[in-house]
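Below are the chains, spelled out letter by letter.
Number of protein chains: 2
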Amino acid sequence: MSLIFKQLFERESCTFTYLIADSETKEAAIVDPVDIMIERDIALLKELELDLKFIIETHIHADHITSACPLKKYYPKARIVIGMENIDAEACSDIMVSEGHILNIGKFEITTIETPGHTVGCMSYLVENKLLTGDALFIRSTGRCDFQGGSAESLYASIQKLFKLPDSTEVYPAHDYNGLSVSTIGEEKKFNSMIRESFDQETFIENVNSLDLGLPKKIKVAVPANQSCGLIAEKV
Amino acid sequence: MSLIFKQLFERESCTFTYLIADSETKEAAIVDPVDIMIERDIALLKELELDLKFIIETHIHADHITSACPLKKYYPKARIVIGMENIDAEACSDIMVSEGHILNIGKFEITTIETPGHTVGCMSYLVENKLLTGDALFIRSTGRCDFQGGSAESLYASIQKLFKLPDSTEVYPAHDYNGLSVSTIGEEKKFNSMIRESFDQETFIENVNSLDLGLPKKIKVAVPANQSCGLIAEKV
Numbered sequence: 389m390s391l392i393f394k395q396l397f398e399r400e401s402c403t404f405t406y407l408i409a410d411s412e413t414k415e416a417a418i419v420d421p422v423d424i425m426i427e428r429d430i431a432l433l434k435e436l437e438l439d440l441k442f443i444i445e446t447h448i449h450a451d452h453i454t455s456a457c458p459l460k461k462y463y464p465k466a467r468i469v470i471g472m473e474n475i476d477a478e479a480c481s482d483i484m485v486s487e488g489h490i491l492n493i494g495k496f497e498i499t500t501i502e503t504p505g506h507t508v509g510c511m512s513y514l515v516e517n518k519l520l521t522g523d524a525l526f527i528r529s530t531g532r533c534d535f536q537g538g539s540a541e542s543l544y545a546s547i548q549k550l551f552k553l554p555d556s557t558e559v560y561p562a563h564d565y566n567g568l569s570v571s572t573i574g575e576e577k578k579f580n581s582m583i584r585e586s587f588d589q590e591t592f593i594e595n596v597n598s599l600d601l602g603l604p605k606k607i608k609v610a611v612p613a614n615q616s617c618g619l620i621a622e623k624v
Numbered sequence: 389m390s391l392i393f394k395q396l397f398e399r400e401s402c403t404f405t406y407l408i409a410d411s412e413t414k415e416a417a418i419v420d421p422v423d424i425m426i427e428r429d430i431a432l433l434k435e436l437e438l439d440l441k442f443i444i445e446t447h448i449h450a451d452h453i454t455s456a457c458p459l460k461k462y463y464p465k466a467r468i469v470i471g472m473e474n475i476d477a478e479a480c481s482d483i484m485v486s487e488g489h490i491l492n493i494g495k496f497e498i499t500t501i502e503t504p505g506h507t508v509g510c511m512s513y514l515v516e517n518k519l520l521t522g523d524a525l526f527i528r529s530t531g532r533c534d535f536q537g538g539s540a541e542s543l544y545a546s547i548q549k550l551f552k553l554p555d556s557t558e559v560y561p562a563h564d565y566n567g568l569s570v571s572t573i574g575e576e577k578k579f580n581s582m583i584r585e586s587f588d589q590e591t592f593i594e595n596v597n598s599l600d601l602g603l604p605k606k607i608k609v610a611v612p613a614n615q616s617c618g619l620i621a622e623k624v
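In order, the protein sequence lines correspond to chains G and B. FYI, our numbering numbers position 57 of the first sequence as 445, with every residue one higher than the one before it. FYI, our numbering numbers position 196 of the second sequence as 584, with every residue one higher than the one before it.
Treat the hints as calculated values from the structure; they're not laboratory data. No experiment lies behind these values; they were computed from the predicted model shown. Please note: incorrect hints may appear among the correct ones.
Pairs involving identical chains hold if they fit within one copy or between any two copies, as the list cannot separate such chains.
Stated by the list, open to error - Straight-line distance between alpha carbons at most 25 Å, and here's what the computed SDA-like set of lysine to any residue pairs gives:
#1 Lys414 to Thr572
#2 Lys578 to Asp482
#3 Lys577 to Ser556
#4 Lys518 to Ile392
#5 Lys414 to Arg428
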């Protein structure tokens, strides 16, 4: 009678996938599943005898392709969930969420939080004291804001909202490139290199604009594929 | 007033390092730290204002070099802990542990469990309901037994001992090569591909002997370096 919560990793794009389930009712959600890890993820769902209810995206990813559509073939009752602003993904999604939507997994509630800025339609998800921040808030860093409707002003406001959660809230990002797996809101308010509590909006925008990052290798393939919830990936 | 527990990852050798601390007293232990991640690990210790009391090894690793000695330079009061059977590491270690030793981290106790088999001196460590299994028990697999005093018979007995812990005990291995991060004793008893509960010793030995693995790339450098608790790594 407890929450099953598993952090899963894909090494090529350093993406974290999360499995959330009620151990009693066996209802489950998977957040940001990756195409090339679908066999691992289905094996795990089968072993734990979980019934996949939601396939949740934090946003339209540019660095990897989701396994949402292929997963839904295995679990036809599963519903693909994505933020309302991702209008390109409307055709393939089942539930378009905005602020304060509740997704029930057995007796647990996943609450949706709009956190735009990395992209226009980024969502974070809160279950118990665990906050899945997608590419909004990373451990000691944040997402970039230079494509897909990104906006440093929006991301600043989004993270200010997350910083209002209790300091003990555990932060689980969609990526980490340095082998870190979990942080807390309290830690990020103090130590985030881009947006700690003492930084004003101007400082944050300067920090984001001074990121010198190339485009993700897979962006031209991944974005259209993810706008179809990974349907293209199935055909390749 | 709670346990700080962080799983850290090194992507090249797929090694997990664990940070264990008492958030109140600030006493900390690090388990299986990796040489090339020392800057990350020291930064984290400093940010969290932790006082490193123990640098703990599960065994003499063959695939990466420990940062034990370099870490001890930063934290001279820290004590290097390793299993009693690792006689080659006696000169550089401070505490040689066997079965049932208690290492106190603030109000938390780390209990040592002898789990030889992958190597002759492998130890597991239990703190609260979290079991650090080193290279004895992996998620859905086990360590190999073909060098450094490895013995499939010993590993079978070691894992039978771990399987007596409550099913809800969380399993944190020293490696995962498939992006999994945590399991439970209950899951491994059911689903481990090498040694689930229904497999007898003979089946396990067959499984281990049929592993077709090359030697770790770094074995010739890593083993002697780790027998000096990473002292050689400092000099390179």
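Tell me, which hint numbers fail for this structure? 2
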